[in-house]
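Trainee: Numbered as in our numbering, the sequence shown ends at 101 without a single skipped number.
Source of the hints: derived by calculation from the structure; they are not laboratory data.
Some clues are possibly wrong.
Within a straight-line C-alpha distance of at most 25 Å, the following computed SDA-like cross-link-like pairs (lysine to any residue) qualify [as the list claims (entries may be wrong)]:
#, residue 1, residue 2
1, K98, Y47
2, K70, Q101
3, K95, Q77
4, K95, I82
5, K68, Q101
6, K63, S74
7, K87, R99
8, K68, R96
9, K98, G53
10, K98, P58
11, K68, Y90
12, K16, L66
13, K87, Y48
14, K87, Y47
15, K87, N71
16, K87, S44
17, K70, D31
18, K70, Y47
19, K16, M92
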Amino acid sequence: MEKFCQSCAMPLNLHGEDVRGSETNGLVSESYCYYCYQNGQWTEPNITYKEMLTKGKNAISQGQGNALIKSLMKLSYPMMLKRAKRWQ
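Sequences are here, hints too, so could you generate the full structure?
Mentor: Right under this line is the structure:
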(Lines of atoms letter the chains of each structure in order from A; the text may use other names.)
(Lines give C-alpha, C1' and ligand atoms only; values in the text may rest on other atoms or scores of the structure.)
Protein backbone atom coordinates (compact mmCIF):
# COMPACT_ATOMS: atom_id res chain seq x y z
CA MET A 14 0.00 0.00 0.00
CA GLU A 15 1.27 3.43 -0.89
CA LYS A 16 2.15 5.74 1.99
CA PHE A 17 0.92 9.31 2.08
CA CYS A 18 2.08 12.37 4.00
CA GLN A 19 0.09 12.62 7.21
CA SER A 20 -0.09 16.39 6.81
CA CYS A 21 -0.87 17.12 3.13
CA ALA A 22 -1.84 13.61 1.90
CA MET A 23 0.71 13.68 -0.93
CA PRO A 24 2.33 10.32 -1.80
CA LEU A 25 5.70 9.97 -0.04
CA ASN A 26 7.08 8.52 -3.27
CA LEU A 27 6.13 10.99 -5.99
CA HIS A 28 6.83 9.82 -9.56
CA GLY A 29 9.68 7.65 -8.28
CA GLU A 30 11.19 10.38 -6.08
CA ASP A 31 11.40 9.92 -2.30
CA VAL A 32 9.89 13.11 -0.85
CA ARG A 33 9.91 12.17 2.84
CA GLY A 34 10.80 14.88 5.33
CA SER A 35 13.41 14.66 8.07
CA GLU A 36 13.46 14.28 11.84
CA THR A 37 15.61 16.37 14.22
CA ASN A 38 18.18 13.55 14.36
CA GLY A 39 18.55 13.62 10.56
CA LEU A 40 16.64 10.40 9.94
CA VAL A 41 13.98 10.27 7.27
CA SER A 42 10.41 10.80 8.46
CA GLU A 43 8.14 7.85 7.82
CA SER A 44 5.00 9.99 8.11
CA TYR A 45 5.58 13.39 6.50
CA CYS A 46 6.89 14.84 3.23
CA TYR A 47 9.66 17.44 3.02
CA TYR A 48 7.20 20.10 1.90
CA CYS A 49 5.46 19.82 5.28
CA TYR A 50 8.16 18.63 7.69
CA GLN A 51 11.89 19.37 7.90
CA ASN A 52 14.31 18.80 10.77
CA GLY A 53 11.48 17.62 13.01
CA GLN A 54 9.39 20.77 12.55
CA TRP A 55 6.43 21.82 10.45
CA THR A 56 7.39 24.05 7.54
CA GLU A 57 4.07 25.86 8.05
CA PRO A 58 3.14 25.37 11.71
CA ASN A 59 0.12 27.65 11.60
CA ILE A 60 -1.49 26.46 8.37
CA THR A 61 -5.18 25.64 8.74
CA TYR A 62 -7.05 22.69 7.25
CA LYS A 63 -8.76 25.01 4.75
CA GLU A 64 -5.44 26.56 3.72
CA MET A 65 -3.90 23.10 3.27
CA LEU A 66 -6.92 22.02 1.22
CA THR A 67 -6.51 25.01 -1.11
CA LYS A 68 -2.75 24.47 -1.36
CA GLY A 69 -3.20 20.78 -2.16
CA LYS A 70 -5.82 21.39 -4.84
CA ASN A 71 -3.56 23.99 -6.46
CA ALA A 72 -0.67 21.49 -6.45
CA ILE A 73 -2.89 18.88 -8.10
CA SER A 74 -3.86 21.39 -10.80
CA GLN A 75 -0.20 22.15 -11.54
CA GLY A 76 0.94 18.52 -11.40
CA GLN A 77 1.27 15.83 -14.03
CA GLY A 78 -1.72 14.04 -15.53
CA ASN A 79 -4.64 14.74 -17.77
CA ALA A 80 -7.58 16.97 -16.89
CA LEU A 81 -9.92 14.09 -16.00
CA ILE A 82 -7.44 12.51 -13.59
CA LYS A 83 -6.77 15.89 -11.97
CA SER A 84 -10.51 16.54 -11.56
CA LEU A 85 -11.00 13.16 -9.89
CA MET A 86 -8.02 13.76 -7.62
CA LYS A 87 -9.36 17.16 -6.56
CA LEU A 88 -12.76 15.62 -5.79
CA SER A 89 -11.24 12.92 -3.57
CA TYR A 90 -8.58 15.14 -1.97
CA PRO A 91 -10.75 16.54 0.88
CA MET A 92 -11.57 13.00 2.05
CA MET A 93 -7.90 11.97 1.94
CA LEU A 94 -6.77 15.09 3.77
CA LYS A 95 -9.33 14.60 6.56
CA ARG A 96 -7.82 11.16 7.26
CA ALA A 97 -4.28 12.53 7.69
CA LYS A 98 -3.01 12.45 11.31
CA ARG A 99 -2.39 16.19 11.41
CA TRP A 100 -6.09 16.96 10.89
CA GLN A 101 -7.61 14.34 13.21
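Trainee: Are the hints correct? Go through all of them and say.
Mentor: Hints, one by one, checked against the model:
1. K98 <-> Y47: Satisfied, since the Cα-Cα distance of roughly 16 Å is no more than 25 Å.
2. K70 <-> Q101: holds, 19 Å
3. K95 <-> Q77: holds, 23 Å
4. K95 <-> I82: holds, 20 Å
5. K68 <-> Q101: holds, 18 Å
6. K63 <-> S74: holds, 17 Å
7. K87 <-> R99: Holds. K87 to R99 sits at ~19 Å (cutoff 25 Å).
8. K68 <-> R96: Satisfied, since the Cα-Cα distance of roughly 17 Å is no more than 25 Å.
9. K98 <-> G53: holds, 15 Å
10. K98 <-> P58: Holds, at about 14 Å.
11. K68 <-> Y90: Status holds; Cα separation ~11 Å.
12. K16 <-> L66: holds, 19 Å
13. K87 <-> Y48: Holds, at roughly 19 Å.
14. K87 <-> Y47: With Cα atoms ~21 Å apart, K87 and Y47 stay inside 25 Å; holds.
15. K87 <-> N71: holds, 9 Å
16. K87 <-> S44: Given that 25 Å is the threshold and the Cα spacing comes to 22 Å, the pair holds.
17. K70 <-> D31: holds, 21 Å
18. K70 <-> Y47: This hinted pair holds, its Cα atoms lying about 18 Å apart.
19. K16 <-> M92: holds, 16 Å
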